[in-house]
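> Now for the letters of each chain:
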Amino acid sequence: MDARRVSQVVPKVRQVGFVTHSDPNPPPQASRTQSVPIESNSGTPYDSPDFSPVMIPPPRHHSENLSHLRSAAVAVPESSSRRPMWDDRVAVVGSYNPGNSLLGQPVSPNSSEVNSEASTTLGWFGRNSSGKFSAGSSFPGGGFDLTTVKMENFTQLEGKKPEAVPGKGGGGGVEVNNRESSSNTLKAKTTKAERRETQEAQRAAKAAGKAQGNKPVAAAGGAGPSNILRQPSQNRDDPAVGSTIAGSDRRGGDRPPERERKKDVPPPRMQFDDQGRVNKSKKRAVFNQPEAKNRVELFRHLPQYEHGSQLTDLESKFLELDSMHPAVYKVGVQYLAGDVTGGNARCIAMLRAFQEVINDYSTPPGKTLVRDLTAKISSYVSFLIECRPLSMSMGNAIRFQKSRIAKLPLTLSETEAKAALCNDIDRFINEKIILADKVIVRHAATKVRDGDVLLTYGSSCVVEMILLYAHELGKQFRVVVVDSRPKHEGQALLRRLLAKGLSCTYTHINAVSYIMHEVTRVFLGASSVLSNGTTYSRVGTACVAMVAHAFRVPVLICCEAYKFHERVQLDSICSNELGDSNDIARVPGRPDVNSMDNRTNEKNLQFLNLMYDATPSEYVSMIITDYGMIPPTSVPVIVREYRREYLLI
Amino acid sequence: MDFQVVVLAGGTSKKLVPLVSKEVPKALLPVANRPVLSYVLEQLELSNIKDLIVVVEGADAALCVGGWISAAYVDRLHVEVATVPEDVGTAGALRAIAHHLTAKDVLVVSGDLVSDVPPGAVTAAHRRHDAVVTAMICSVPVSGLSEAGSSGAKDKTKKPGRYNIIGMDPTKQFLLHIATGAELEKDTRIRKSILRAVGQMDIRADLMDAHMYAFNRSVLQEVLDQKDKFQSLKQDVLPYLVRSQLKSEILINGAPQGQQAKENGNDKVSYRILANASTPSFHELYALGPNGSAPVRRTHKCCVYIASNSKYCVRLNSIQAFMDINRDVIGEANHLSGYNFSAQNNIIHPSAELGSKTTVGPHCMLGEGSQMGDKCSVKRSVIGRHCRIGSNVKVVNSVVMNHVTIGDGCSIQGSVICSNAQLQERVALKDCQVLSLSTSVFLSLSSNEYL
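Going down the list, the sequences are from chains A and B. Using UniProt numbering, you'd call the opening residue of the first sequence number 1 and step up by one each time. Using UniProt numbering, you'd call the opening residue of the second sequence number 1 and step up by one each time.
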C-alpha cells in the first residue's frame, strides 16, 4: 500500500509505463535483449505471491521496467533537476537516438548522463542503448506507434512545444547536432515526447490520420544527407531507409501490431452537444431517439434520450430491421429495456449473440469472410451502442472479436473459420470472465478472515461469488450490503446472500459513514479500471470508497482483467452514462409519491441520473484481478500484458 | 428476422351473414371501398414483410381471395393462398398448413383486423422475453364489444356479462389469465399457483384480444399435435398455454437456458451471471423453486403487448363492427384508409357526379363513377362505385356498396346496402341490411331486418 501511495505522487511512472506499453517489440526480440533483466527481476512487478508467472510469460521486461520506475518514484527528490518533464523527455529521446545512429558505438555522452542521473528511472533504456542495438532502435518506433494511434488533440501542443524545447534540453553534443541539422525530425521527435506526456490525460482515436500526416514529414527529414538524419527516419518505420538487419527485423515485428492498433482504436466518442454531429448520427440511427429536453448543462455531451418512447419505437421497427440478426436485436432490446444489466452479463449476452451471428453467417458471393463479417459486427455494435452505450469491457471484447476475425488464416474454409471464431468466443467467455472470476474469488477469499465485517455496494457478481465462496469455506463473517436508489440492485444481492445463509446488514448509502465504523474490509466491483488506477463503477462507489478511506478501512476492488482499459480518466464527467430521469423522479411501488410527476418538463428543473462515477486510485488499497492482487498503479502493466495476451489467445 | 406471417382470412363468416356471400367472403368486405384484408396486408407490407401465407376457409372463398390478391399485390407481395376446409377453426387452419411453417416464430394475424399497431411491436415483445406466445390486446372499442353474432347496438345492453377478462402481472408484460366471451357466464377461475408466484395480478375487463399472436413455432405445432381437439386459437390454444405456463408440458427445442446450464460448469456460471444480472420474471423465480438453486420446474412465458390507446385496433367480426370500422376509417382513423382527404374532410372521387344542391358532409366517401341527383345529403357514409342515387335522398351513417341504385326520396339511416341492390322510390331504411342480387325494396323498413 505504501508503494501505491508514493507512486501516485509521480505521474511519470505511469507515463513511462505507457511508452513501453505500446512498444511493439516482437516478443522473441524482447527476450533476446532483455533476457538478463528478466531473470534478475522476475517476480518483482507484482507484490502478490499469487501472481502466476505462467500467465504473462513473454513481455516480462515491461513489468520489470515498471518496477524500476516504482523504485524511482520513491527516489524522486534526488532527480529534481530533471523536474521539468519536457526536459526529461527530450533528453531521453534526443540522446537516445544518436546513440542509436552511431550503430553500436558506445553510448553517447548525453545518454550516459541520463543513465547516471536517472539510472533508476531509465535504466532500461540506458541499458538498451548502450548494449543492444536492435531493441534500442525499436523504442522510438514504439513511441511513434503510440502517437500514430493514440494521440488526439495534441496538435495545439505540437504547435507550442517545439520552440520551448531546445532551451530546456539537457544538451549533449550529438543531440544539439541532431536538432540543428534536422529541425524537422526533431520537431517530430519532441512532439513524440510530448504526446507521450499528454497522452495520459487525453486519449482518442481519430488522430491516427493526423499522425500519418506526420510521417511524410519525418521521411522527408530522413532523406537528408547525413546518417544521423536517416537513422531517426528509420526509426519511424520508413521502409526506404531500412538498411540494417536490426531495422528490418524490427519492422517485421512492428508492422502488424501498428496496423492492428489502428483498427483497435476506439471510435472517437460522440459528443452529444455537437448539434451537427448529433444530427448526422441521427440519420444513421436505426430507430428514433427523441432527446430529453431538460438536460444538465455539464453533461450535455452525453447522450440522453427520453426513455419510454425509445423502446416502443424500436419495437415497432422490429420487422423492418432486415439486416439485424434476431439475436443481436434481442440483446439490444434487453439492454434498452434494462432486462440485462451488469458488465459481465452484458458482455456475455453480447458475445453469445455474436456467436449466433457467426453461426448463421454465410459469406455473400463476391465478398470475403474477414471483411464482410467485420463490417457486419461493426454494424451490430453500432446498433447496440444506440440501445445503450457500451461499457469499456464490452469494447475490449469487441476488439478481441474483431482481431480474431482479422487474424483468421485465409486458408480456412468458411465452416472452419466459423467454428474457430465461435470457439474463440467460448474461450473468451470462459477464460476472461468465468475462470477470471474463479481466480479472483480464490484470491479474495484469502483476504477474508474470521470475524470480518465486509461491506459491499450495489450488486457485483464477482463480489457475490467471493462472499459465497468465503462462506462455503466456513469463514465467519458478516456482510453489510449498501444500496442506493433508484435501482436498488443491492436488494437482489441481499436476497441471494440470505438464501445461502449469510448474515447480512442492509443499509442505504446515506448511512455509509455510520456503518463504516464496524466494517473491516470493503469489497467493490467495477465496470472498468482505467490505467491511471481510477475505478469506473456504479455511481456511489466513489463515495463508499472515500468514506472507507477516511475510516482507514481497506478498499478492495474486484475486477476481471478484461475490464481494464488503457484510457485515463480523471473525473466522471467526460465519460459517463445518463439514466432515465424518471427513475429518480419517482419512487417505485409508491405511485402516491408523485410530487415530481408533472415537473419533468419544467424549464428550470433538470434531472440528473448519473450511472457511473470514477473512484480515484488513492481510495483503492488493492485491485483483485485474475492476475493477482495488484495496487492500482500496476493497472497499465496489466493492460499491456493483457492486450498482448488476448491478441495471442 | 426469422418470422413467418400467417393471415387467417376466414371464409364466409356466419356472424356477418347478410353481408358476406360466396362472391364476397369476409376478407373482401369493403371498408372504405377497399377489402378489409388489404388493411392487414398493407400494415404488414409497411413492416417490410413480403412473404405471407393467407389461409382461407372454403375453396370458393379461396378462389375469390386469391384472385383479388394476385391482382392487387402481384408485384409487391409474395403471397401464398392456402385453402382449408370450412369449420376447422383457427387452430385447425394452422394445423393444416403446419408443414409450411419453418421459421422460429410464427405471427398469426386475423385477416379482419383493422389496425395501425405495428406488427413489429408484438414480435419484438415476443423475442425480448423468449415467450412461447405473445398476444396483442387492445382496448375494447367505445361502441362496445360485438362478439355476439349480428347483435346490433341494442343487444349489447341486454347482455352486459360478455366481457373479455384478461389478467396480467403488474408490469403488464405477462399474460396470467385470459377468458373470452362465452365462458364468462360462469365464475372465473384463476390458477392459485400463478397467483402465488406473481403475487399480484391486474384483472382488466376493458381489454380484448386483438387476434394477433406471435407463437413459438415448435411449441405451437406441438400443442396442435397433442391437443387435436383444439379448434380455436383464441379459445383453446391461448388459454391452454396461459394456464399451463408454470407447469409447462411442452418441450421447447429453442433450448431453455436451464437445461443448457446443466451441461457443464462454466456454462452454469455464465448462466448464473446472466440470471443474476437480469431482473428475473416470476417465471424464473418460480422455476428456481424454493431453494433458489438450479431450475427444477419447467415454465414458459406468455406475454402480452398492449396496443396503446392512441392506436386504432378493431376487428371486423360483426355487422356493428363493420359499420363502426367504415365510419372510423373515413372519420377519426382516416390515416388508415390511405386516401387523401379533401378540405371538407371527405373523399369524392373526381369521376363522381353530384347534382345541384347536393351536399356531401365531412367523413364521407363517394366512390368512382357514382352519380347523385339533386338535393341529396350524405353524412358520415360510404358510397361505393358506380352507384346511382336519385334526388332528395338522405344517407346518414350508412354503407352503400357498389352498383346500388337508390330511387328518389329515399332515406337511409344506419344501414348497409350491399352490391347491386335496388331501392325503389321513397323507401325509408333504418338500421337495416339489404342484401344484394338485385333485390328490389318497396317497403319502408326499420331496425335489424335484412332482406
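In case anyone wonders, no lab produced these hints; they're calculated from the structure. Honestly, I wouldn't trust all of these hints.
[To be verified] DSS-like mimics (lysine-lysine), calculated; alpha carbons at most 25 Å apart, straight line:
(1) Lys172(B) / Lys317(A)
(2) Lys317(A) / Lys311(B)
(3) Lys104(B) / Lys317(A)
(4) Lys376(A) / Lys172(B)
(5) Lys104(B) / Lys311(B)
(6) Lys407(A) / Lys438(A)
(7) Lys379(B) / Lys394(B)
(8) Lys394(B) / Lys317(A)
(9) Lys376(A) / Lys50(B)
> Against each hint, give a clear statement of whether it holds in the structure.
How the hints compare with the structure:
1. Among the hinted pairs, Lys172(B) with Lys317(A) is consistent with the structure: their alpha-carbon atoms are about 21 Å apart, no more than 25 Å.
2. With a CA separation close to 16 Å, the supplied pair Lys317(A) and Lys311(B) stays within the 25 Å bound.
3. Our distance criterion of 25 Å between C-alpha atoms is met by Lys104(B) and Lys317(A), whose separation comes to about 19 Å.
4. Of the pairs offered as hints, the one joining Lys376(A) and Lys172(B) is violated, with about 35 Å between alpha carbons and a cut-off of 25 Å exceeded.
5. As the CA atoms of Lys104(B) and Lys311(B) are separated by approximately 28 Å, the hinted pair breaks the 25 Å bound.
6. For the hint linking Lys407(A) to Lys438(A), the alpha-carbon distance of about 29 Å lies beyond 25 Å, and the restraint is violated.
7. Simply put, Lys379(B) and Lys394(B) have alpha-carbon atoms about 8 Å apart, close enough for the 25 Å limit, and the pair holds.
8. At roughly 45 Å between alpha-carbon atoms, Lys394(B) and Lys317(A) are farther apart than 25 Å, so this suggested pair is violated.
9. Among the hinted pairs, Lys376(A) with Lys50(B) is consistent with the structure: their alpha-carbon atoms are about 23 Å apart, no more than 25 Å.
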